[in-house]
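Participant: Residue numbers (this note's numbering), protein chains in the order written: chain A, 1 to 307; chain B, 1 to 307.
Simulated from the structure, these hints should not be mistaken for laboratory data. All residues carry an ideal CB built from backbone N, CA and C; glycine is no exception. Please note that a few of the clues may not be correct.
To be verified - Residues from chain B that keep clear of chain A, each with C-beta distances beyond 12 Å, as calculated:
no., residue
1, Q39
2, N153
3, A165
4, S197
5, Q207
6, M246
7, A304
8, I305
Unchecked claim - Which chain A residues stay away from chain B? Per the calculated CB distances, all over 10 Å, these:
no., residue
9, K168
10, N211
11, T214
12, Q216
13, E248
14, Q299
Said to hold, decoys possible - Cβ pair distances, simulated, as ranges:
no., chain 1, residue 1, chain 2, residue 2, range
15, B, K95, A, R206, 49 to 57 Å
16, B, D202, A, R268, 13 to 21 Å
17, B, D202, A, Q252, 52 to 60 Å
18, B, Y144, A, L284, 32 to 40 Å
19, B, Y144, A, R268, 38 to 46 Å
20, B, D202, A, L284, 28 to 36 Å
21, B, N289, A, P91, 30 to 38 Å
22, A, Q252, B, Q285, 48 to 56 Å
23, A, Y306, B, D116, 43 to 51 Å
24, A, Y306, B, G171, 52 to 60 Å
25, B, D220, A, V50, 41 to 49 Å
26, A, D220, B, Q285, 28 to 36 Å
Chain by chain, the residues:
There are 2 protein chains.
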Amino acid sequence: MSSLRYAIIGSGGIGGFYGGFLAKSGKQVDFLFHSDYEQVIQHGLKVDSVLGNFHLPAVSAFRSAKDMPPCDIVLVCLKTTHNHLLKTLLPPLLKPDTLVILIQNGLGLEEDLIKDFPSLHLAGGLGFICSQKSGPGHVSHLDYGKLTLAAYNPPAEAIIEQVAADMKQAGLEIEVAPDLESARWKKLVWNIPFNGSTVVLDATTRQLMENPATCQLMSDMMMEVMAGANACGIKYPIEESFIHEMLEMTKQMTPYSPSMKLDYDHHRPMEIEYIYTRPLQKALQAGVNMRRIGMLEKQLRFKAIYL
Amino acid sequence: MSSLRYAIIGSGGIGGFYGGFLAKSGKQVDFLFHSDYEQVIQHGLKVDSVLGNFHLPAVSAFRSAKDMPPCDIVLVCLKTTHNHLLKTLLPPLLKPDTLVILIQNGLGLEEDLIKDFPSLHLAGGLGFICSQKSGPGHVSHLDYGKLTLAAYNPPAEAIIEQVAADMKQAGLEIEVAPDLESARWKKLVWNIPFNGSTVVLDATTRQLMENPATCQLMSDMMMEVMAGANACGIKYPIEESFIHEMLEMTKQMTPYSPSMKLDYDHHRPMEIEYIYTRPLQKALQAGVNMRRIGMLEKQLRFKAIYL
């Protein structure tokens, strides 16, 4: 097994964290930076993590994908609102068997990308993590960290195990899931209610759980997502016990602003399309109208115009 | 036909307007004032109205219902959040055949009141009006004004026609509706979506109509209220054409903050119970789960704790 070369597209709170851990463990990792490029070239990448702080003084940093070498694994850690850029960002990085992993939330991401790159080896990743950029070249990892990986097409299956092994060696918690669509829906059970509701109600997860009305609403919305997911015929249907677990976990969590709330508060575009609109469409095609989720989506589209 | 004596309970934007018009036309009207009492005793009641401004220098004003004389008609123009006060406010005003008219929005108001006053002659009223208190003893009537009256029980039927005649004579637009429950539901078709959504999204009616997502949501919610109302078996079912009319009317309206939005902005309690909770319960009992309305109610209950 030869050593894999990684590229990180979108070196923010997520990309900086996973790429940083891989680089720290001795893997070859090329990072694409945007506004942070100068800072990283001069001072390296700093990761403050609950798993232990570290500093990478010399990072293989690039400010343009065109200058990056081809690699074996591309970790796409962009916000999905920037996925239209992949059409130009990816080609310089691709060899015939390069695996692209979309570490992003939502549904339909791989379907969209494969239209532009029909023979791409493709996988998805879901980060269960609280991590954000706290400054230029500076990542703050606050809690959790588990990454779930799953192949989107058969050529991705073998190499994804090697990626998982690299990441475990780097000290990360990794799970390889047997079905990507099931894993994506499962994460949406939490993301859909809480991302949007914290924006619309200007609230933390804790506040939503402490109020009996919104606590019930979060549960109602989770049930709707479960019904939508299961109607779509996912390979590993979501069970009601999972919803109870998620609600209990959220009650225990420190008050938390999900990524969409942070985006809204910082006047950045929200990931409405892949987190709300696509799941709504898929569920509707399968015969389930997720009415509350549809309402939340419309409320978010209203909030979005005042960003 | 002898002349009716009126009492106004809740002399704010609505009570001051309707009572003011009756008094101006020469009817005997006793007003219960709370914080405005001193101002009105000294300077009278001022009404700025699109129908013509006027000033009543000498008003029959009271600061306690206990001091008020019995009357023929009580117009209750309180916020429904104060209806628990009626148990003590009404008795001094009541003769055996006094008619009480609840000029308030929502469902279940008369059912609750009749429990405390089983033999009460009772009616409901719905003000289609933009009117608010702009200062002590000062009412600003900005638009519309039609009052719909309907009997709640048979003893109210005859006398309500006399009230309507008095009000017409006073220059007001009055309709006597044949069924109170139908009229209350019909008004909720507009009130339910717009009252709550302007609060939750911090928006005017215009902003909600101009955004395609929320314009659709308002329509979806109106359809839900229609389904709930019609399932309850109201005598005059709501038709879809009415929803299109309401949406068109709202598009044409000047940007407007409904009463619930004004209450929220001024840190006053919101009328969630009678405008949301009761209609939800009635529809559910009739087999219709108004899911979006239930979601809006829960969002409002969340907003209410931060008033």
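Participant: For each hint, tell me whether it holds in the structure or not.
Facilitator: Each hint, compared with the structure:
no.: 1; hint: Q39; in the structure: 37 Å, holds
no.: 2; hint: N153; in the structure: 34 Å, holds
no.: 3; hint: A165; in the structure: 45 Å, holds
no.: 4; hint: S197; in the structure: 8 Å, violated
no.: 5; hint: Q207; in the structure: 8 Å, violated
no.: 6; hint: M246; in the structure: 18 Å, holds
no.: 7; hint: A304; in the structure: 9 Å, violated
no.: 8; hint: I305; in the structure: 6 Å, violated
no.: 9; hint: K168; in the structure: 41 Å, holds
no.: 10; hint: N211; in the structure: 5 Å, violated
no.: 11; hint: T214; in the structure: 5 Å, violated
no.: 12; hint: Q216; in the structure: 6 Å, violated
no.: 13; hint: E248; in the structure: 20 Å, holds
no.: 14; hint: Q299; in the structure: 6 Å, violated
no.: 15; hint: K95(B) x R206(A): 49 to 57 Å; in the structure: 55 Å, holds
no.: 16; hint: D202(B) x R268(A): 13 to 21 Å; in the structure: 20 Å, holds
no.: 17; hint: D202(B) x Q252(A): 52 to 60 Å; in the structure: 31 Å, violated
no.: 18; hint: Y144(B) x L284(A): 32 to 40 Å; in the structure: 39 Å, holds
no.: 19; hint: Y144(B) x R268(A): 38 to 46 Å; in the structure: 41 Å, holds
no.: 20; hint: D202(B) x L284(A): 28 to 36 Å; in the structure: 29 Å, holds
no.: 21; hint: N289(B) x P91(A): 30 to 38 Å; in the structure: 50 Å, violated
no.: 22; hint: Q252(A) x Q285(B): 48 to 56 Å; in the structure: 36 Å, violated
no.: 23; hint: Y306(A) x D116(B): 43 to 51 Å; in the structure: 46 Å, holds
no.: 24; hint: Y306(A) x G171(B): 52 to 60 Å; in the structure: 42 Å, violated
no.: 25; hint: D220(B) x V50(A): 41 to 49 Å; in the structure: 43 Å, holds
no.: 26; hint: D220(A) x Q285(B): 28 to 36 Å; in the structure: 19 Å, violated
In this structure, the hints that do not hold are numbers 4, 5, 7, 8, 10, 11, 12, 14, 17, 21, 22, 24 and 26, in rising order.
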